[in-house]
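With the sequences and hints as input, model every part of the structure.
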Amino acid sequence: MKADTHRSDEDRLPEARPGPGAQVAPATLDGWFVLHQLYRIDWPALASVEEEVARKALGELSALSESWDSGDGPWSGLYRMVGSSVDLMALHFRPTLEELTDAARDLSMSTFAGVLDLDHDYLSVVELGMYALTLDVASRVDPTDHEAYGAALREALAEQGEKAYVKRRLEPRQPEAMPYACYYPMDKRRGAHRNWYTLPLETRAELMSRHGSVGRRYAGRVSQVISGSIGLADWEWAVTLWAGNPLVFKEVVTEMRYDEASSEYAEFGRFFVGRRMDASDIERLLP
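Counting with numbering that gives the first Met the number 0, you get residues 0 to 286 for the letters of the sequence shown.
Treat the hints as calculated values from the structure; they're not laboratory data. For each residue, glycine too, the CB sits at the ideal point set by N, CA and C. You may find that some hints are simply not true.
[What the hints assert, rightly or not] Ranges between beta-carbon positions, derived for each pair:
id, residue 1, residue 2, range
1, E250, A147, 44 to 52 Å
2, T143, G113, 55 to 63 Å
3, G70, H192, 44 to 52 Å
4, E50, E158, 54 to 62 Å
5, W42, S107, 15 to 23 Å
6, G58, E254, 37 to 45 Å
7, R39, S66, 21 to 29 Å
8, E98, P286, 14 to 22 Å
9, R269, Y164, 26 to 34 Å
Below you can see the structure in the form of structure tokens.
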């Protein structure tokens with residue numbers, strides 16, 4: 000699903016599609032590292048703490064949250080979750096793995112961490128899948144000529160990476176008018192009868208192009224971040240959606256389920272939904 004308002008060159012498949020085969024992996028452009036941290040709050044433990052101590056811990060958490068987001072550049076957000084086994088999500092975007100580690104440490108070292116139990120965390124990196132670009136390069140340069148193909152692919156990716164709208168997608172920020180968040184991991188199927196990774200590149204590119212056209216109909220209502228996690232986590236991707244109305248998550252995910260790229264080839268993990276917290280929301284964690 001792509002919900003970006005800009006229809007890029009990547010969304011347009013080349014006319015010539017000679018069929019380089021299933022072994023050609025799509026190139027990607029990678030941006031900020033991402034860490035989703037999902038916590039349960041130990042409510043009895045929080046209630047048992049003296050109110051003055053608890054208020055101080057919440058004030059520290061609020062100050063930490065404020066320090067995480069200066070308005071531009073890398074950032075983190077806290078979300079109050081509902082309808083799942085978790086109460087709180089910390090979402091971090093950083094340019095390097097080391098900076099991501101530091102952000103996670105800051106929360107773990109806070110006083111409020113004493114009443115937090117980590118349900119799970121998920122490491123990924125913002126990813127733009129370049130199916131059309133890969134198909135275009137593979138139609139011009141034999142992918143088995145690794146040196147020539149690699150050079151052509153790097154040149155094409157470098158050109159894409161210089162575009163302003165591409166940079167914005169690789170370093171995403173949550174729109175102020177979209178405080179609600181939905182996060183879930185997903186895989187492409189690798190079963191005996193449905194295996195995404197044995198499909199020819201041109202088939203995968205066509206399916207993803209159609210998949211993206213569905214998502215673009217939600218431009219302005221949903222903002223989406225796809226982050227790749229192959230080799231980094233148990234699933235292959237993490238999907239983060241932001242919206243001004245949480246019912247839009249139900250609407251867009253339902254429609255996307257009927258698209259062939261999802262209905263035939265996608266597996267989904269747990270879904271988590273919540274709302275981004277400001278200082279007053281953090282204070283209200285204590286009745």
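Hints, verified against the model:
1. E250 x A147: 44 to 52 Å: holds, 45 Å
2. T143 x G113: 55 to 63 Å: holds, 57 Å
3. G70 x H192: 44 to 52 Å: Since G70 and H192 have Cβ atoms about 49 Å apart, the given range 44 to 52 Å holds.
4. E50 x E158: 54 to 62 Å: holds, 58 Å
5. W42 x S107: 15 to 23 Å: holds, 20 Å
6. G58 x E254: 37 to 45 Å: holds, 43 Å
7. R39 x S66: 21 to 29 Å: For R39 and S66 the Cβ distance comes to about 24 Å; the hint holds.
8. E98 x P286: 14 to 22 Å: violated, 35 Å
9. R269 x Y164: 26 to 34 Å: holds, 31 Å
Going down the numbered hints, you'll see the structure goes against just number 8.
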